[in-house]
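Q: Sequences are here, hints too, so could you generate the full structure?
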Amino acid sequence: MVVEVFHADLVALEQELQEKLTVAPAFFRNAPVLMDFEHLEDAIDLKWFNDAYDMLYMHSFIPVGVVAPPDYLKQAIAKQQIAVWPSAETARKGNQSVSSRHEDSVAEQQEADTEERTVPEDQQDESGATATSAGQTVCGELVDEPQAQPTMLVLQPVRSGQKVYAKGGDLIIMAAVSTGAEVMADGHIHVYGTLRGRAFAGAQGDESARIFCKDLQADLISVAGTYLINDDLPQKFRGASVQVYLREEQLIINPL
Amino acid sequence: MAKVIVTTSGKGGVGKTTTSAAVATGLALRGYKTVVIDFDVGLRNLDLIMGCERRVVYDFVNVIRKESNLKQSLIKDKRVSDLYILPASQTRDKDTLDIDGVGRVIEELSEDFDYIVCDSPAGIERGAFMAMYFADEAIVVTNPEVSSVRDSDRILGLLASKTKRAENGQDPVKEHLLLTRYDPLRVEKGEMLSVEDVTEILAIPLLGVIPESKDVLQASNAGCPIILENETDAGQAYDDAVGRLLGEDINHRFIEVEKKGFFNKLRLFRS
Ligand SMILES: Nc1ncnc2c1ncn2[C@@H]1O[C@H](COP(=O)(O)OP(=O)(O)OP(=O)(O)O)[C@@H](O)[C@H]1O
Ligand SMILES: [Mg+2]
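Protein chains in written order, with numbering that gives the first Met the number 0: chain A, 0 to 255; chain B, 0 to 270.
Derived by calculation from the structure, the hints in this document are not laboratory data.
The beta carbon of each residue, even a glycine, is placed where N, CA and C say it ideally should be.
Please note that a few of the clues may not be correct.
Simulated restraints on C-beta separations [unchecked claim]:
| hint | chain 1 | residue 1 | chain 2 | residue 2 | range |
| --- | --- | --- | --- | --- | --- |
| 1 | A | Leu255 | B | Lys161 | 29 to 39 Å |
| 2 | B | Lys75 | A | Ser240 | 56 to 66 Å |
| 3 | A | Glu15 | B | Leu245 | 50 to 60 Å |
| 4 | B | Leu42 | A | Arg246 | 49 to 59 Å |
| 5 | A | Arg246 | B | Ile98 | 46 to 56 Å |
| 6 | B | Ser109 | A | Lys73 | 50 to 60 Å |
| 7 | B | Asn68 | A | Asp44 | 46 to 56 Å |
| 8 | A | Thr150 | B | Gly122 | 29 to 39 Å |
| 9 | B | Arg78 | A | Ala11 | 51 to 61 Å |
| 10 | A | Thr150 | B | His251 | 19 to 29 Å |
| 11 | B | Asp99 | A | Ala42 | 37 to 47 Å |
A: Below, the structure is given as structure tokens:
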């Protein structure tokens, strides 16, 4: 869902949301939303932005990123590890193209699997240079140094409201990731518990990054900026042990 | 040195104060010198549930501000020896609590008591933070519904990061799940989450399941902690929970729908 922001009056914005909410509270609960600033003419600052973001959270929306924020805010927003898309079209692209992928035949998936083996795992060097538009849209500047970073190991559950970010490397989580929690890595993400929250692999654009999890129930999964929300997760992969990776700008989910 | 236990939940109205009163009373009944502190400044109601609202002279905020000493401010329970209440102030807001002041009071109480039970306000703001900061153990009170479970999850995250133990790199706060207002019949109908659902999501040890019961409201209206009503289900469930808190191994009760009437008789007849 996209919330188009036409004015900077937070109180009015909240009221408009509230009206929507009273119409169909169940439908909007935990709905992922993008804030679209394409049509906003009023000036806003970072505080305004953060307040708006919190307001969405408070009303049980799950903000997944912003579209076309004012240039002077882009950097600051990205610094907060929030996804920034140049226009609503690019933001939706991953989402839509993926849904057509749901019906991938088993044969095709196996083909993808074998194909995958020939691809070198560590493409950080290349991906840094060749990141596509989808890659560049996510979180901050691209890192040039390709050297290996230590893997981050998390033994405790990642709870609602917590964020874990493995900058420059992989992330291994030995417990569950709750709804409302966020895990990010510039490399791969492994979750050896139930993944209920949001997982961003390849957070700086590495398209070879993958997500592995024991039990997929995620609010959102994203690789290098291409994402899928819970509603779009194919039924057959819910609760399953899967890996998620990017191929031709589409997210592929394979059983493990 | 006293053990500090916080009763917390995130979500409001789930039964924190009911639990604080019951657990503190249960600990005192077993011979531990216990004080229960009301951190819900501005919304005093622990003293109502404990039945001592008429005896409040000085409160927690007075002690923090050194306007009174502990001796003047602690209210001794009339029914259970070894049980004391430190009431909240109704006339101030939560911002009057400061971490140094709270720490000083808890330290002073520690010298004299075995257990300090901190009744947290709802929310994840200052008051809740103050209540949990010095905790050694936490009773996370949860109702079998999605929003409550999510808030508890959030609180568990704060317990793991925003407490004194976490900040000092000590052993983590010991977490206990207390599932309250549990109605097996509604669980069976799929209207509420089950014990398994909740423990699966929160992944912390289950301290107890307190059934939904009219006795609870009745007891709190009468100013009597439910645990003293030992013929009620809820009272017994709290007593079990206190036992488990002290390390006893007690089977969980009140989780299944009570079988009664025709089928029950039939089964009896057959065997
Ligand atoms: N097991 C139970 N069965 C039925 N009612 C209960 C039960 N436990 C608590 N209640 C009722 O729920 C209401 C809220 O309880 P309580 O005041 O203990 O919650 P709280 O979490 O302390 O609330 P607050 O967040 O406002 O401090 C009261 O009316 C109480 O009687
Ligand atoms: Mg209360």
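Q: It remains to establish, for every hint, whether it holds in the given structure.
A: To see whether the hints hold, each was checked on the structure:
1. A:Leu255 - B:Lys161: 29 to 39 Å: holds, 35 Å
2. B:Lys75 - A:Ser240: 56 to 66 Å: Given about 57 Å between the Cβ atoms, the range holds.
3. A:Glu15 - B:Leu245: 50 to 60 Å: holds, 53 Å
4. B:Leu42 - A:Arg246: 49 to 59 Å: Check passed, 56 Å falls within 49 to 59 Å.
5. A:Arg246 - B:Ile98: 46 to 56 Å: Between arginine 246 of chain A and isoleucine 98 of chain B, where Cβ atoms are some 52 Å apart, the hint holds.
6. B:Ser109 - A:Lys73: 50 to 60 Å: holds, 51 Å
7. B:Asn68 - A:Asp44: 46 to 56 Å: holds, 49 Å
8. A:Thr150 - B:Gly122: 29 to 39 Å: holds, 36 Å
9. B:Arg78 - A:Ala11: 51 to 61 Å: With Cβ atoms ~55 Å apart, the hint holds.
10. A:Thr150 - B:His251: 19 to 29 Å: Violated, at about 39 Å.
11. B:Asp99 - A:Ala42: 37 to 47 Å: Since aspartate 99 of chain B and alanine 42 of chain A have Cβ atoms about 41 Å apart, the given range 37 to 47 Å holds.
Hint 10 from the earlier list is the only one contradicted by this structure; the remaining hints agree with it.
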